[in-house]
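For the record, the sequence lines run as chains F and H.
If you count by the numbering used here, then the first sequence holds residues 2 to 461, one letter each, in order.
If you count by the numbering used here, then the second sequence holds residues 886 to 1064, one letter each, in order.
There could be a bad hint or two in this list.
[Said to hold, decoys possible] Example chain F residues on the side facing chain H (calculated, C-beta under 10 Å, incomplete):
| id | residue |
| --- | --- |
| 1 | Asp23 |
| 2 | Thr25 |
| 3 | Trp62 |
| 4 | Leu196 |
| 5 | Leu453 |
No lab work stands behind these hints, which were simulated from the structure alone.
For every residue, glycine included, the Cβ atom is placed at its ideal position computed from N, Cα and C.
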Amino acid sequence: MSDAQDKPAATEAGHSKFLTGDYTFGTVTDKISAVVLSGQTPRSWYVGFAIAFSLVMLLLWAITWLFVKGVGIWGINIPVSWGFAIVNFVWWIGIGHAGTLISAILLLLRQQWRTSINRFAEAMTLFAVACAGLFPLLHLGRPEYFYYLIPYPATTGVWPQFRSPLMWDFFAVSIYATVSLLFWYVGLIPDMATLRDKAKGKFAQITYGILSMGWRGSARHWLRYQRAYLILAGLAAPLVVSVHSIVSFDFSVTIVPGWHSTIFPPYFVAGAIYSGFAMVLTIAIPLRAVYRLHDLVTDRHLDNMAKVLLASGLVVAYGYLMEIFMAWYSGSQFEQYMILNRLFGPYGWCYWLLIACNVVIPQLLWFRAVRRSVPWLFMLALMINLGMWLERFVIVVVSLHRDFVPSSWGMYVPSFWDWATLFGSMGLFAALLFLFIRMLPMISIFEMRELLEESQGESQ
Amino acid sequence: MTAPTSLYGLLAEFADPEELVEATQQVHQAGYRRIDAFSPMPIEGLAEAMNFRRTKIPLVILIGGIVGGIAGYVLQYWVAVIAYPVNIGGRPLHSWPAFIPVTFEVTILFGAIAGVLGMLALNGLPRPHHPLFGVPAFSHASRDRFFLCIEASDEKFVEQETRELLHRTGAKEVFDVPR
């Protein structure tokens, strides 16, 4: 990654701070809002957006063809009836979780380093959840009937089955998306007011004016605002844990060997944090290089994120180990065969690649030199993204392809349309991020001013 | 109540957060009640300086959460036991453990919506226009400047005296806010 080679100006002295450089309330405001208001969009934005937008077109093409022909265009069949759609769903929703973790849990823990990264991490959450939400709908054989999941008084007199994990999942994911949107929007209100007051053009003034709802920065408003924001964070923190636990119930409530396991909820939540932080790094590193934000997103931020990666990666590794142990300890021949098949079966290479990406190579993060090296971090983040996708592939596909009765074993080969939908969803994610960067402040401006005030207060 | 009707109030600008907090305290001690301070970020002690400490937000969110929890559980109970009872393997219709996940999620949803709408409603937002926006310098309240406004409707408001008080508290400049 050539962007990432661009060495930050921050020196050793700056490492101890989360905000380097001489900023005042005014200049920090100008620097962040200039990305949106100056109208000088870097060429790399156009190139990146063009690529992402072409992938969105690919996604639309794949979805249209799916609606015309049905799920038969994918590689799924019995026994593997849950293919890429479910793999991608779990992968995307997991990525989303780091955003909420950064914005809510780090807020509750009063971690100052969250301030520079929470806004775009929350945006990442929203867009990842949007991508995730697509897949279960596409995966329905008859997507036009997805609204059967909604409990409403239908003339048929039929109601949804609330004992099913799929209903829990529908509620969890849609509520997660709603609450993330609310949390993100509340965080944006004061910054919209800043943009409204700074914008030159009539259109921008009116748009940001409407979105800011007439925010004036009144002390009474701030007090209520902060109280509400803190409690929202308190609500979002258990929500994020519950969402991925419920996603894991989709698997663990069934009796398929490799799915029917009590370790799934914590193991899925740790995996979500792991993949989400990897994605935050994947986004943060090019972003700060292109927009020269090295003094706002410092090397120390990257270092902290790398430490979270290392810790959550170890929890995930413990999960892998426990799956093997429990298969042996259960004494169930189906569980034992499942592990042997996972390690040495036809998809064995996926498992070993996943172990390399998620467990072995990330151990490099123990070394300070690796955590401080931007190119290394970027490479590791990409690898973990791949590893976490493979993990879901191994869980979903490899468990299904050989279950209890050997006569019903089969293989799964993804089709072109499977790949097109996966890469198309990445394009959708990237395109939404590009639009976000161009139209909204990607770093919380008022919280940077607050951080500045606090750090000035300390130095006095 | 001697203020001319054309004036909404007086707006004083201060150099930094500490001065604003101090001035707000002095103005409040002088007996003014219809005052408000404006800053580009939350400042500790500013609302307290106006003796504004308690907000109903936590209560609003608590009520929202409780209503959500009850609504979520009752919906599931009603669907599974009354409206559409389905016998699954002879298990009880009121199989409450299976209803916990959705109850929890709906609790959070209602709490969050109550929090956001409650915060906006108590703040009187959305309010697209406000007399303060008539002062050109006020557009910097969202960037790097700090303001204190005394409304003309305050009982103690006497234009000349109030203006002098604001100058005494260290205001850099005092603006008239047209109604």
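Each hint, compared with the structure:
no.: 1; hint: Asp23; verdict: violated (14 Å)
no.: 2; hint: Thr25; verdict: holds (7 Å)
no.: 3; hint: Trp62; verdict: violated (34 Å)
no.: 4; hint: Leu196; verdict: holds (9 Å)
no.: 5; hint: Leu453; verdict: holds (9 Å)
Comparing the model with each numbered hint stated earlier shows that hints 1 and 3 do not hold.
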